[in-house]
Structures are given as structure tokens and as C-alpha cells.
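Given the sequences, and given the hints that come with them, work out the whole structure.
For the protein sequence lines, the chains are A and B, in the order given. Start counting the first sequence at 8; every next residue gets the next number (the working numbering). Start counting the second sequence at 8; every next residue gets the next number (the working numbering).
The set of hints was computed from the structure by calculation and includes no laboratory data. Where is the CB? At the ideal position from N, CA and C, for every residue including glycine. Incorrect hints may have been included.
[Claimed, not checked] Keeping only pairs whose Cα atoms sit at most 25 Å apart, straight-line, the calculated DSS-like set for lysine-lysine is: (1) Lys438/A / Lys417/A; (2) Lys532/A / Lys438/A; (3) Lys389/A / Lys537/A; (4) Lys438/A / Lys455/A; (5) Lys499/A / Lys535/A; (6) Lys537/A / Lys204/A; (7) Lys13/B / Lys204/A; (8) Lys535/B / Lys438/B; (9) Lys13/B / Lys417/A; (10) Lys204/B / Lys115/B; (11) Lys438/B / Lys455/B; (12) Lys204/A / Lys70/A; (13) Lys13/A / Lys455/B; (14) Lys70/B / Lys13/A; (15) Lys204/B / Lys13/A; (16) Lys455/A / Lys535/A; (17) Lys13/B / Lys70/A; (18) Lys204/B / Lys389/B; (19) Lys508/B / Lys204/B; (20) Lys499/B / Lys535/B; (21) Lys13/A / Lys537/B.
[As the list claims (entries may be wrong)] Derived list of chain B stretches under chain A, where covered just means 3 residues or more per stretch with a C-beta under 8 Å from a C-beta of chain A: (22) 14–20; (23) 25–36; (24) 337–350; (25) 366–372; (26) 419–428.
2 protein chains.
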Amino acid sequence: MDALPKRPANYVPLSPVGFLPRASAVYGDRTSVVYGRLRFTWTRTYERCRRLAASLLSLGVRKNDVVSVIAPNVPALYEMHFAVPMAAAVLNTINTRLDARSVAAILKHSQAGVLFVDYEYVRLARDALLIVADAGVPTPLLAVIDDIDMPTGVRLGELQYEELVSNGDPAAELPSLVDEWDAVALNYTSGTTSAPKGVVYSHRGAYLNTLGQLLSWGVGAEPVFLWTLPMFHCNGWTLTWGMAARGGVNVCIRQNRAADVYRAISDYGITHMCCAPVVFNILMDGEARQLAAPVHVLTGGAPPTAALLDRVERIGFRVTHSYGLTEATGPALACEWRHQWDLMPLPERSRLKARQGASVLSLADANVLDSNTMASVPRDGKSLGEIVLRGSSIMKGYLDNPAANEEAFKGGWFMTGDVGVVHSDGYIEIKDRSKDVIISGGENICSKEVEEVLLQHHAVADAAVVAMPHPHWGETPCAFLVAGNKAAVLCKDEVVAFCRKRMSRFMVPREVVLVDALPTNALGKVEKVKLRDAARNLVPSKL
Amino acid sequence: MDALPKRPANYVPLSPVGFLPRASAVYGDRTSVVYGRLRFTWTRTYERCRRLAASLLSLGVRKNDVVSVIAPNVPALYEMHFAVPMAAAVLNTINTRLDARSVAAILKHSQAGVLFVDYEYVRLARDALLIVADAGVPTPLLAVIDDIDMPTGVRLGELQYEELVSNGDPAAELPSLVDEWDAVALNYTSGTTSAPKGVVYSHRGAYLNTLGQLLSWGVGAEPVFLWTLPMFHCNGWTLTWGMAARGGVNVCIRQNRAADVYRAISDYGITHMCCAPVVFNILMDGEARQLAAPVHVLTGGAPPTAALLDRVERIGFRVTHSYGLTEATGPALACEWRHQWDLMPLPERSRLKARQGASVLSLADANVLDSNTMASVPRDGKSLGEIVLRGSSIMKGYLDNPAANEEAFKGGWFMTGDVGVVHSDGYIEIKDRSKDVIISGGENICSKEVEEVLLQHHAVADAAVVAMPHPHWGETPCAFLVAGNKAAVLCKDEVVAFCRKRMSRFMVPREVVLVDALPTNALGKVEKVKLRDAARNLVPSKL
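See below:
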């Protein structure tokens, strides 16, 4: 049995990039991407990606080089999910909501060779490149993604996306993947601190997670997918590659405005979309419309509340709740629905759906472990423990960050840092998220990063940042500060202005509370639970 | 990027066996297996499999040992798909329609250590073991699968399946899989000739094909699956493992009698089943009933005819046509349906559905190559070439058969031996099956094997066996014989009786034609195309 060798015919490295040539072969005449008046077929998308990959090689891009991109959900960002790894390079999608300082930190840490930027974000990119240059670090080549809505004749950079596509040789020989453990993507979970955490995905992990997502969510044939989830979030929860696997239609929109979303749903017959609950808030504000046909929505970041669930399901959305994190290549758990629950009253249905659920099929295991004994907690829905994951869709690790890897991988598990329970039916529910993370409008904010900035303020002696509930954004950061110098005046507005200059806008605390001292436990650790309770009682002041 | 190591948390060997512990964890209280008055949950199935694996280890079964089984679709056969590899052994399911000689050939070639046999097939097993012993080869241990319908108090063998399950220690430590390239199953495509072809599946290939099948066929949540397809055919096209992945219900029946099938469909609310077209013939004979809810059927072996498709779809079956072979771990192509075809008239729909279609997602590529140039044929629906496959769900190879491996793997492809075309939409259609294969009632018959037996007849000088169309079985073997000795009388009935003694019943030619000489081409090769044309004009004599 063991003597049978691996052969080119029966051992092909797993890669999500392979879904594209297959889509071109068997879904070739179907629509791949729609964006305004632009419309491509799968054959065309494959050809465009081959051309772009050839151009990247001509620019000198080599294996494991990082190619970064700052863009909203436009066709170029979609195509780069294939074209960049087709040149053996690693795709680094950057959150458009970051400030120049954070973008610069990512460019420096990743040593990106090329930076693609959507025309709307050219200033952000330029500012980031200045910071990189100031630090004496070589700057990446800048390539501007032109757009159908861009004024013609405008030239914003040396390299233009469409020129790279059209100048690329579609017949050029592209490097073939030899090792499925090779990197395909690099996604940063934080970038402003001294030790950025760049999450590296392997081709193998991305391939497996793509199949796992399609199965867990139950994406059938011929999906019409609306890109409300930013593709820069875990490569669109791997559904960038998933739509090629399914031969689906990718409907691209630049922004999640309610009118645009509803128009796309009715114009294109959207069947599927993903989003954080904040998008539901946008869709429900004022102009909620009854959908002509059900739209399946995979939501994550925070469990949908019963009230929200009731409202969105009433107008025709079919919500699946999932839980994931960048390190798990997106959704790791999904609340797989059971038919028998259909008949339950809404509050009960909502309670069941608010649970994070069962592991996706690409994971080998998900568990909740007692932090002291590292044994599984009882399946009683009460015993708390840390949610841990194991499987080939877990990241290769953090790039150049041994300390973070040491902390993340323990005892054969990936430690999520989130606290949860296991119910008697085996479904996992989060009870307390990682102390460090605040999720605002679907964006993860690392409280430690905000605290580090606050501590740079001359009048701040101590700082703790926790999540404060917010009706629109879900959560916003709330800062508790201890003044250090009796002489210096600690002014809330001044602190906020101080933060604005030093971090991405969505990270800035919406509420600042001055306290005499932070509550600490016997070991001297800040008791964030008490601060979160305090924050819960504060009314957001800037609604 | 390359420096990040594989860790136990992020590089878990792929194996379909892992779907069972997951099913026990997240679908634990759901029904796993139904058989008559027997009903198990996923938790129970997992426990039973752990117990059986522990018993196999106690019997001395070790890594790569072959554990064979002869059984219809009963729970034991289902459980063995997990329990055997959980003991690091290799599962060898044997076709119940084989004769003792063929079974013996498989047992000898595979060097099986244990043979499980359903109570109904004990005589077949005993006869086979006698042949093995006569050849001086060590015989496997015999374990009888007792059954709820078996007379109580009857003891048919030394070892009893249920005793092995109940005596096994569910807490025993089982070997853990280290290399996903390890063998999980061994399936014979032919066993009577001197060089049996035992197809070896890796854990990796079986895992990937399982996900691929679920996606290609679109098996959603909570399927209720009726086992009309024998599990011994490519491990039930990997749906044995697939039902665990989905937490589905496995409804087991011993035989595909129309009444049993219709009763199961209505009693259990069957949603999915697989079968060869011959099962449709059984279901349509006389007592066709209107189904209360649609039942999705994956069919393969032969394309459903327009007339059959019309009849079965009219009563509520939703047919997906697929193409596969043992070497590809079951279905390799599936005719993925497009919504736009729904509105076409039946003959056109049927023509489209009769095509074998697009590669499953676990394959890297499927193609049709010109046999001379080894280049892709044009996508014109006319140019003939050999269908070739490539991907990680292709078998590891044939066990101890270097010549067959040499022939099967060429130029980075697995050669199917089937001749087809590619249509302009990329869908593949078979035009001429491998010259050697006759498919009768879903069973593959190797014409060469039948010819070899015929040539052993003292009065036969030359023999060629081809497929003859048959209204019920699809095809049956038709033998063209040249008498060698003018003195000896070549009698048709005597030839048939001669065959009956020497091969499995379904392989015996239903028609024997005496000819003066076989038609040959310029190179002296028998022109089977001409013989098939001749056979097509013969009316089956034994309907």
C-alpha cells in the first residue's frame, strides 16, 4: 500500500487558484463579475488574470513577494485574488479604513513589492509611502486601479491596473505551484503596534476553507453573490475563491449604501451576501423593502439580536450566523440550522441562532477547553472555557512574529482567546470575547493598540479601553484614563483629537472616562469585566 | 513565508474518518443509521465504530492490513467504513454478485487478514476460503455479520460482528493518522484474471472526493439518504463518509425491491439516493408511485434515456447524471444543471442531461485528448479523444500491479480509456466507452475476462465479447466465437453452462454467436465496433 508513489496525476497541490481555470473551462460563458456597466465572463476573467500575472512577473515580482492592495469591492480586487498567486506572489489586501500610519506599518512589515490602490485611496497610499520612505525602507511600486467612473485622461500613478492587464501576455508561462503549503495571502489583524500581526494563509488552507464555507453555508449551484462583505476581510471569507468554484456571479459595489444594495438585489437577482450586522442596520434604516425572492446572508462579528433577526427575516433575508477570525481563514463555526427549529417561536429561534455553532468541515476539530486543566468543558451550556480550533484551514502562522505564534499555538490547538460554552447539542456559544478585541461595524479593534497610543499622551498615566455597546456599530471603544500629572489638564476632546491623529478613525474612542484608578485584581491585572459593565451604562454621546 | 512550520494545530492529515467524531460532537443526537427496527444516533455510531476498531486491534489487525467484507447495504458495512481505518487498516468491500472464484482471487491478492460476511453470504465466503486454502495461501479470519432478521441462536462463524462491537473497549487508544497519503480503502475492478486490479484510495483522496461529491451534487443540510447504491461500489461513491460529513440519515435496505424503496421513501422522507439506471427500471415496472416530495437521485453508469428521464421526473425524482470510475473514487464528472435549461422541451433537456458534464471540485482537471497528439480536442462536440483526469481524488494506484499502473498513468494524466467529446460549453460527453467494459445493471464487466474464460473452452479457437443493448440491464455481454476444432461441436447452451461454472453470474454472456472469423483491421486487431453493431441487431433471447 505504501509503495504506491505520488504522481502528477494523483497528487495535485491544493490551491483555490485552480478554481479559476476550471470555471473558465466549464462556466466559461457565464457571468463572473458585474460592476456598474462592466460585465465579464469566466473565460474573460481567467484571461485578464493570466495577463495581470504575466505583467507582475515582468515587473520583477517573484515567489513569496508580497503584492498589496487598497481597494473597495471592485473587479480589480477580485481578479487580484487569482492573478497575484498565479505569479507565485502573496496577496496582501489592506483594510481601506486604516490610516496612513497603519498602512505604512503593513507595507514596512510585509516588505511589499507592489502596492495597488483604488483611485479613491491614492492620497492614503501616497501618505503611507511617505512614511515608509521616511523610515528609510524601500517603497513598493505604486499601481493605480483605474475605474469606469474615474474621469478619463487622469493619470494618478506610474502604473495603471488596466494597462497592466492589457499589456500582459495571456500566453506567458506562469509558475506552477509545487507545494500546497506555500503562502497565498497575508492579512493583517493589527498594524499600528510595534509587532504587527500578519496572518499567512497557505494554498492548502485557503482551498480547504473555500470548500468548507460553501458546504457549511450550503451555497448551491449558480449563486449570484453581492459583495457587501469587504474582500479585504479574510479574502471575503474565502468566497472570492468560492464564487469561482461555484461559477457564481460576483456583483461588485463600491459602498454598502442601502439604495445600492436593494437595487443590486432586484437588478441582478442576488441569492447570497455576507455582512456584519451593521450592514443590516444600514438596510433597515428607513428604506427597508420587501425582497422579491429570499436572499441568504451569512453574518458574523456579532450575533444578530432577536429584534434585528425578526425584522430582516420578515422582509426576506435568510440569516446564517457564523463565527470566525482571520487566523482561521474566516468563518470557523457556523450555526447550522435544523429544520425542527423552524416551528419554534421567534425568541427561541433567535436564541438558537445567536449561538456560533458547529465547526466548518475544513476544520478537524473545535473545542472549548478549561484554561486550567486544558480539558474539554462539560457540554452544559454553562461551563466557561477558551474556544480552540485545529485543522488545515488554520493559518500557517503570523509573519515574522515568533512571540505571537508562541502564544497562539498551544497543546496542538489554535487558541482563539474567546471564551465560550458548549451546549448539550454540541453547538458552541461565545460568552465573552477575547478581552482585547472590540468589534465596531464589523471591524476588529485591538484595545491594546488604542491603549498604547493613549499612553503616549503626556497627561495620561494609565489607560484601559473596552467595548461599549452601540446601537448602530454594535460596539465602539470606550477609554478609561487615569491622569498622571496633576498639573496637566486631561481634556476629553483633546484626547480624542490626539487619537484621531494617531490611529484609524474607526479605532478612536467615542467615549473617554476619567477615573482615579483602574480596578485591578489581586494580581494587579486590570479587571476589564468591571470596566465593560461601567461602559454598558454609559449612553453614547455622539450619536 | 516559507519559514512558518507545519504544526499539529494547522496541518491535520485529511481523512474522511474524521467526519465521524465531528458528527458525534455536533449531530450527536440525530439519527445516523436506520435499518428495519434498528436506529442509531451519530453518538452511538461513533461509539460502535470505536469499539469495533478496538476489537480489530485485539485480533491483531495492524497498519495497512486489509479487512474485507461481503455484505449488502446493512449498518455493519456502513460502520466498517470508519471502524476499519480507525484501526489503521484498509477496507476492502467485495461485490456480493461475485462468485467464489472471484472472491477468492481478491482475498488472495489483497492478503486480507479478516473477512467479514453478511449471514446471507456465508456459503459464498466459505467456498471462497476453500479455494484460498487449496492454493496454499493463509486464509483470513472469518467474522459473520449477524442481522436483526437472522434466526436467533444461530452461530455461523467463530467471530460475530455484534460481539466484536460489544466486546471492544470504547476507550481504547486508537492509532492516529500521520500521513494522509496512507491507504483507506481497496476496491477491486476485476478479480478473475491473473492480474487483479485492486484500486487503492488514500485518506486524502477519499476526504477530498467526499467534499467534492457533496458540492457537485449539492447535498444540503440534513439529507435523508436511501442506500440503493451498493456501498461496495467505490464506497458508495464516497457518500458513506459524506453522510457523516453532513450528519445525514443513512436508511439501509438489503435489496432494491420496488416496494421496499417506495416504502422507505415515504416512511423516512428520503431526500437523496444514488443508483444505476437499472434501479429506475425496477421502480418503473408496474408499481410506479407519485412521490410526496422530490427525491434527488444521482445516477451513473449509463446516461438516462429521454423516455426514462421523462417517466421518473414526472413522478418526482430529480435526476443528476454523473460519470465516474473506481479509479477516480467514484463520480469524476457531473452534469451540473443550469436553471436556464429548465424551460427547454424534454428531448432537449434530456440531451443536455445525458452529457457527463463538468469535473467535480476535488479534481484539478478533466480533459479530452487526441490520442495521437495528446493535445486537447477542439470544443466542438464532435472531435473524439480519450477522457483523462488529474487531481488528488484519483487513486494511489493499483495494488501490486505495475503494468496496470504504467498503462493508467500517462503524461501527468489518469487515462480513463473512455472516448468522448467536449461541447462548446465545456461539458464532456462520452461517445464510446472503453472497449473492454460492459455495464450491466450498474456492474462493470471486463470483456477481456470473459474472453479469457471462453478461450479455455476446448472447442473455442477465438472469442470476442462486446456489449449488447438490453431493455432492463442496459447492456449484457454478447460473445462472438470461432470454433477451433471441426470435430468438437460448439453448442451455445453448453458454452453458457461452461461460463456459469467459471464466472460471476452477471458476467455470463446472454447471447452467443458463432462466426467463421472475427473481423480484424489491417493491424490484425479485432474490430469490436463492428461486433457491437452486429450485437445491436440481435434480440435478447432470454428476456
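Could you check the structure against the hints above and give me the numbers of any it violates, in ascending order?
Hints 6, 13, 18, 21 are the ones this structure does not satisfy, whereas the remaining hints hold.
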